[in-house]
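S.K.: Below are the chains, spelled out letter by letter.
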Amino acid sequence: MIIVGELINGTRQAIAKAVAQRDAKTILNVAQKQVEAGAHLLDINAGTDPDREVEDLLWLLEVVLENLDVPLCIDSPNFQAMEIGLKKAQQRAAMINSITGETQRLEAFLPLIKTCQSQIIILCMDDSGIPETPGGRLEIAANLVEKLTAHGVQASRLFFDPIIRPVSTDFQAGQIPRDTLRLIKKELPGVNTICGLSNISFGLPQRQLLNRNYLTILLAEGLDAAILDPTDGALMANLATTQALLGKDKHCLNYISAYREGKLA
Amino acid sequence: MSGLAQISQRLIGGDIQGVLDLAAEALSAGVPAQDILNQGLLPGMKVVGEKFKKNLIYIPEVVLSAKAMQAAMELLRPHLEAGQIKPMATVVIGTVQGDLHDIGKNLVAMMFKGSGFEVVDLGIDVSPEQFVQEAARRKAHILALSALLTTSMPNMKKTLDLLSERGLRGGLITMVGGAPLTQAYADQIGADGYAQNASLAVERVKELLKSRTPQSSQES
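Residue numbers (my numbering), protein chains in the order written: chain A, 1 to 265; chain B, 266 to 485.
Okay, chain B solo, but in the shape it has when bound (with noise of 0.2 Å):
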């Protein structure tokens, strides 16, 4: 086996310092940092969702292959920018004004982390405000919001509005998901997107990117 695919092996496995010794032996070996991820650690994660999605593994598994996602893009990170790699797409992430639950937003925020997205968390009871300032100033390509409660939901719609309100909806990807939302409800309020859990929102996500700009996509 490659040194490469040893790398998605030991993701796959969340073996987190076992990606991590392995990175490092590979940059030591003159191995483009861009080759690790593209070919080691992005192509591993794509199967921790493939096997998320059939319940195959399970969330605390997931959480460690994305920690160790996370911890390898750490080593690589200065590498990547030293050869001038285009970042990947920003997402802002966060639970809605009046809500305070985080387990699936953590979830989602972990699941983009992991497929190499760049994650922006605002955490929970996020205003509208907010929620459009952070979008703006970090360059957000999507913006993924969480309610679970029927009272909270509406400040998903007010975040949506405010968007628009400032003509900040056209290079932006919206997200919306949250135990009570349906596919119904993103469509009624204007999101362009809606996932039933955290490894299908990557997904939808991935897929709106490409049908936006084929260019842009995060496949490897």
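Okay, chain A solo, but in the shape it has when bound (with noise of 0.2 Å):
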């Protein structure tokens, strides 16, 4: 299971403040209490504003690059932002968020994708949108498993997110995901599957508790890595429980050291 932490975001109003004011420690804070808690990469988004994302982009990736070690996940939707962050982490931009199936945004990325090596989340809409049923969902991964890989690109470098929407703005909307990661791990073996996990309780009350459990659900379907909150304590206590309850967890000797580390309390 990878985790992606999802904290350094600018478009979350602490992170946007700090990175107007180039307040690196706070940025760093953020770095390191998510690696601390068990992120494997971090997230990095600047996007608030186009004419200034670039530059903020840089800022953030030259901060947590020079401080730590962690590999990061570059996330923007603008292919010149990822193009020149790309440039700026080299081996350390682990992972590109993210590319669609739209037409644009893939002939754009397209070139970064086949000279870099690393892995890609995807998300499964195209240009009419994000189909509504699970087997649309799976038709654009299928396609764009054979496009990228005609491309030469590995299949082991896709991560395909099932694409995640509130269960506040529909009530059956926690389904479809589930259902589209289920055929994509029997339809397409070798790619791998991802989440942006808290758009799931957009909307709703205790959000974490909602969140904490949907990642069960989707981890029962074999999930393959999340984007969340790490420093979510029961929601990272909540991971260490259903990965030892679904045979992922040898001996189940993480639970055990994550008792010991005082993580499940």
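Hints in this document: simulated from the structure, not taken from any laboratory. Treat the hints loosely; a few may be bogus.
[Unchecked claim] In silico SDA-like cross-links for lysine to any residue, where the CA-CA straight-line distance does not exceed 20 Å:
no., chain 1, residue 1, chain 2, residue 2
1, B, K422, A, A173
2, B, K332, A, D170
3, B, K319, A, P205
4, B, K318, A, R207
5, B, K318, A, L204
6, B, K319, A, Q206
7, B, K316, A, P205
8, B, K318, A, F202
9, B, K332, A, D249
10, B, K318, B, Q461
11, B, K332, A, Q172
12, B, K316, A, R207
13, A, K147, A, A173
14, A, K17, B, A460
15, B, K318, A, V54
16, B, K423, A, R52
17, B, K332, A, I2
18, B, K475, B, G381
19, A, K17, B, Q453
20, B, K316, B, Q461
21, B, K319, A, T169
22, B, K422, A, Q172
23, B, K319, A, L204
24, B, K318, A, P205
25, A, K17, B, Q448
26, B, K423, A, F202
Got two chains here, each in a separate frame; can you build the complex from them with the hints?
M.R.: What follows is the structure, encoded as structure tokens:
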């Protein structure tokens, strides 16, 4: 299970403020906390102002690259920002977040993807939007596997995101990503799956409770990676517990050490 | 409790059938449609908006109340038109070109509908040309643009610039919103208003309507 820490995101007010004020201390503090809590990668998103995104992203990358060893997940829909970000982070740019099946975005990102080694998050949507059915989302994923592997991109670099929408605006929205994951696992062996977990709980109280339980459901469908808040202790305890129950934790050793470290309390 | 206060209560509770039944009852008892709207429905939605803002109720509850409001408006519309009531302000809303996000835009559209506005939802991936044409064709009072991507945000500016080019900015209130948006960006591209969430968007528009043309206020 790959954990991508989601907290360095320019659409969060505290981060936007730190970026605007070039407050490296705050950024490093958030980065460090996520790593200590168990993040394998840190998502870096500078996005607020399109005119400032590139320089803000570069600054964020510089702060984290210079002070920590953690690999990064560069998060931008803008291929120019991605290109410059990849150049800056080099081998530490472990993941690209994200591309979609939208023709323009795909064509723009393709040369970048072919010349780097980063793993790639792909949202299951295309020019006609987000399909309402799991089958529709699978079809987009299948088309992209074919297209990208034809360009020499290994299937193992692909991380498909089934796209989670809030249950608050559609009370059956939790089912579609779950069924999509199951289909991808069955029909597209060799690719990986990922999701942005906290979307599920938008607009409802006690969001952490929803996030935590939804993670369990998705893990049962074979989710390989998640973008989440690793500093949410109960979420991480839930993750360790579920992995042990699903046979993903050999001899339950992670579960036991999580307990010894006081992480299951 | 008066019949109209009961309508408010049912509306706040998101009871679609209850609102419809009471509204139909009031109509047949001879209560003017305008009173049902102004003393029953709109005060109810005002409470919904206030409670939502204070986190006392949540999105699914707001959705139900807004649906009840819409259903009741359908029932009242023929009676309101017969009484030659001035139409509510019209909002043309959509997600800008290059962007397929719709959740936030849908919520904002719903809150406007629920507050008695006439809403024309152009959907997602809407070009500047489409926005400008529809705003003119529908005689919109408010144009509301949504963007969730730094790559699509510049299309907000393109839309606003095209409006100015065609000389359509004058009577129109332009609003922008979406997760990466800020007041600073709204100012920079020359939008009239920005709001952080759906209920604040309605409030902001009401303020702007009041400050521009006091006689077209939406307040009951």
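S.K.: Take the hints in turn and mark each one as holding or not.
M.R.: Hints versus structure:
This hinted pair does not check out: K422(B) and A173(A) have alpha carbons roughly 33 Å apart, beyond 20 Å. Of the pairs offered as hints, the one joining K332(B) and D170(A) holds, with about 14 Å between alpha carbons and a cut-off of 20 Å not exceeded. Between the alpha carbons of K319(B) and P205(A) the distance comes to roughly 12 Å, so the proposed pair stays at or under 20 Å and holds. With a C-alpha separation of about 17 Å, the suggested pair K318(B) and R207(A) falls inside the 20 Å cut-off, and the hint holds.
Taking the CA atoms of K318(B) and L204(A), the gap is about 13 Å. The hint holds against a cut of 20 Å. Annotation: proposed proximity of K319(B) to Q206(A) holds, straight-line Cα distance about 15 Å (limit 20 Å). Between the alpha carbons of K316(B) and P205(A) the distance comes to roughly 14 Å, so the proposed pair stays at or under 20 Å and holds. Distance restraint check for K318(B) and F202(A): the Cα-Cα separation of roughly 15 Å lies within the 20 Å cut-off, and the hinted pair is therefore satisfied.
Among the hinted pairs, K332(B) with D249(A) is inconsistent with the structure: their alpha-carbon atoms are about 47 Å apart, more than 20 Å. Between the alpha carbons of K318(B) and Q461(B) the distance comes to roughly 11 Å, so the proposed pair stays at or under 20 Å and holds. For the given pair, K332(B) sits about 18 Å from Q172(A) by alpha-carbon distance, which is consistent with the 20 Å threshold. In summary, the hint linking K316(B) to R207(A) is supported, as the alpha carbons are separated by about 19 Å, within the 20 Å threshold.
Distance check on the hinted pair: K147(A) and A173(A) sit about 29 Å apart at the alpha-carbon level, beyond 20 Å; violated. Simply put, K17(A) and A460(B) have alpha-carbon atoms about 18 Å apart, close enough for the 20 Å limit, and the pair holds. Note on K318(B) and V54(A): the hinted pairing is violated, with a Cα-Cα distance of about 34 Å set against a maximum of 20 Å. At most 20 Å may separate the alpha-carbon atoms for a hinted pair to count; K423(B) and R52(A) meet this at roughly 18 Å.
Distance restraint check for K332(B) and I2(A): the Cα-Cα separation of roughly 41 Å exceeds the 20 Å cut-off, and the hinted pair is therefore not satisfied. Restraint check: the Cα-Cα separation between K475(B) and G381(B) comes to about 15 Å, which is no more than 20 Å; the hinted pair holds. Our distance criterion of 20 Å between C-alpha atoms is met by K17(A) and Q453(B), whose separation comes to about 18 Å. Our distance criterion of 20 Å between C-alpha atoms is met by K316(B) and Q461(B), whose separation comes to about 16 Å.
Restraint check for K319(B) and T169(A): the C-alpha separation of about 19 Å stays at or below 20 Å, so the hint holds. At most 20 Å may separate the alpha-carbon atoms for a hinted pair to count; K422(B) and Q172(A) exceed this at roughly 36 Å. For the given pair, K319(B) sits about 13 Å from L204(A) by alpha-carbon distance, which is consistent with the 20 Å threshold. Of the pairs offered as hints, the one joining K318(B) and P205(A) holds, with about 13 Å between alpha carbons and a cut-off of 20 Å not exceeded.
Note on K17(A) and Q448(B): the hinted pairing holds, with a Cα-Cα distance of about 13 Å set against a maximum of 20 Å. The hinted pair formed by K423(B) and F202(A) fails the criterion: a straight-line CA distance of about 30 Å is larger than 20 Å.
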